[in-house]
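There are 2 protein chains.
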Amino acid sequence: MNNPELTIQDVAKAAGVSPATVSRVMTGSAGVKSDKAARVRAVIEQLGYRPNPFARSLSQKSSRTIGVLVPQLADDFYGQIITGVDRELRLHGLQLHIALAHNNPEEETSALTNFAERQVDGMILIAHHISDQTLLGLKARRLPVVLINRSVPELSNHCINLDNVQGGFEATQHLLELGHRRIAHISGDLEIAGARERLEGYRMALRDAGIEPHEDWLVEASFSEEYGRHAMQRLLARTQVSALFAASDSLAVGAMIAAREAGLRLPQDLSIIGFDDRNFARYVSPALTTMHYPMLEMGISAAQHIIAQLREEPISRLERFQAHLVERASTQRQA
Amino acid sequence: MNNPELTIQDVAKAAGVSPATVSRVMTGSAGVKSDKAARVRAVIEQLGYRPNPFARSLSQKSSRTIGVLVPQLADDFYGQIITGVDRELRLHGLQLHIALAHNNPEEETSALTNFAERQVDGMILIAHHISDQTLLGLKARRLPVVLINRSVPELSNHCINLDNVQGGFEATQHLLELGHRRIAHISGDLEIAGARERLEGYRMALRDAGIEPHEDWLVEASFSEEYGRHAMQRLLARTQVSALFAASDSLAVGAMIAAREAGLRLPQDLSIIGFDDRNFARYVSPALTTMHYPMLEMGISAAQHIIAQLREEPISRLERFQAHLVERASTQRQA
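Protein chains in written order, with the working numbering: chain X, 299 to 633; chain C, 299 to 633.
Be aware that one or more of the hints could be misleading.
Pairs involving identical chains hold if they fit within one copy or between any two copies, as the list cannot separate such chains.
[Claimed, not checked] Lysine to any residue pairs mimicking SDA-like chemistry, simulated, CA-CA at most 20 Å apart:
#, residue 1, residue 2
1, Lys334, Thr305
2, Lys331, Gln431
3, Lys437, Gln417
4, Lys334, His427
5, Lys331, Asn401
Keep in mind that the hints were calculated from the coordinates and are not lab data. Given the structure is predicted, the values throughout are model-derived calculations rather than measurements.
Could you put together the complete structure from these sequences and hints?
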């Protein structure tokens, strides 16, 4: 009896253990008690489970590990992406090797070397400094790779991105639909593509509504609360608006602080929408309306994509992920 | 010229590169451009820098990697600890191998096996399910190990803990000093030692003030916002208090929601103090008074401790880390 539809999850469920344990029993790894291992083997026999070629190749010649490179883990943003990656990889008995590179070019390169030394089976990279050439070299060596938040034309089938133009457009559209006409934008660092794209979405939405974006309405900042506060102070000193689209939740929170310091009531005097939907967005007062960034889903997708590459399945260009509006209390109809 | 006081940091600074790059040059690893490598070697020569025996042993036979096991990374708590560990290890050219075990006994054990297979140089473990016996086995094999938030008597020199009794005591003391006498406590899951210790601190502080803790004032919950909300509903249904010590910030936020739903004004009708000082604590309204959990510092200390073990320096019992009071707006003097 050999049922090709059976998965490792079915075996795990029937044996009352985790898929990782089934994987360990099948690969003969240590760390599973003998009575439990015997139970798993009995279930494998009974159900007629045979691992697919992918699983066999993993058991024989690979490190069963995927390298994941992120800038940092001090807040919840990259932690959420990793949580998604981990959730999917575990189902396949694969492990993560996480490296932090602090947006530092040398450390990003060094992490790649380290992944190679450790013979990872694939890499998921959130790295802005590694050159396109280096990334193309990985592909030439047939190493499964997924890039998150990066666009390399020759690797377009390997890139997972958020549609930041659409996100910026919808955020601005939300304010327009509430009747606002004078809408400011605090952007992220415009050296970052995502920041430029959100700005582009903002401009498109205004022009679609027949409004020419005034240059006084735009302040370039960096993605942090402190920059948001200073940017808002500059905005308030030179113009008057009824609404603000801040390019991140951190910027929005900084802007809230500066607006309050200037005596504005929120949201009566100023509607504010952020971007990302970070953990703290629902806790600020008023609770922040924002564009939800599907971090968990992008992590899951990155892991599925790596697994497809390991299985040598054909892969096609990925759809961009869409941010979606989460309405809370920081935006209201223009009086 | 051979100056034994010189560190790898001095060389890095003089050469204008990162310590990791110096380490790579010294170990002959790939990934450093030849002109940069030449500059580093010139500085090493010029300063007379000689790596210490620890660095030499690392360069010759080790994986230069420390395994770090955490339950999850979906919020900022463990991310902060990892940030501290990473900050210190990088100074010594060491890398992290992070594994997530989801508070699952099998996955914790499996991660240990995996660390061993990858020949990590040491392990930093936040794991509640791995048996004392297994941990003693690691020590017997002379593998450097540090345990965070766990107490194993025979490994007391290897355990880094927060003094939760002191933290619970000071949190309650803060409410007592504000004139509160009827003080409730929402505890974490009392199967967790830290939750029991915070409760013990609460009781000690009340008794020190001549107040016998009333059993109606205590509700056992689990460390989550939803549990905090339900616990507060139960409290409000059966007793009246002027202040609450919640055993975590998540519990405190849940309690805030339930208190507002019941028509209480915060902090006028109810003072609330949390525990942990999570990222969101300063954003809730009123901003949450809480006990700061030194996650970053504990991560740094764990890494320093591993490095001391790698260097075979004598190690002594570690002081418990102390939580400290952060006063914000959610607590006020009893009217």
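Of all the hints given earlier, name the ones this structure violates by number, lowest first.
-> Hints that this structure does not satisfy do not exist here, as all of them hold.
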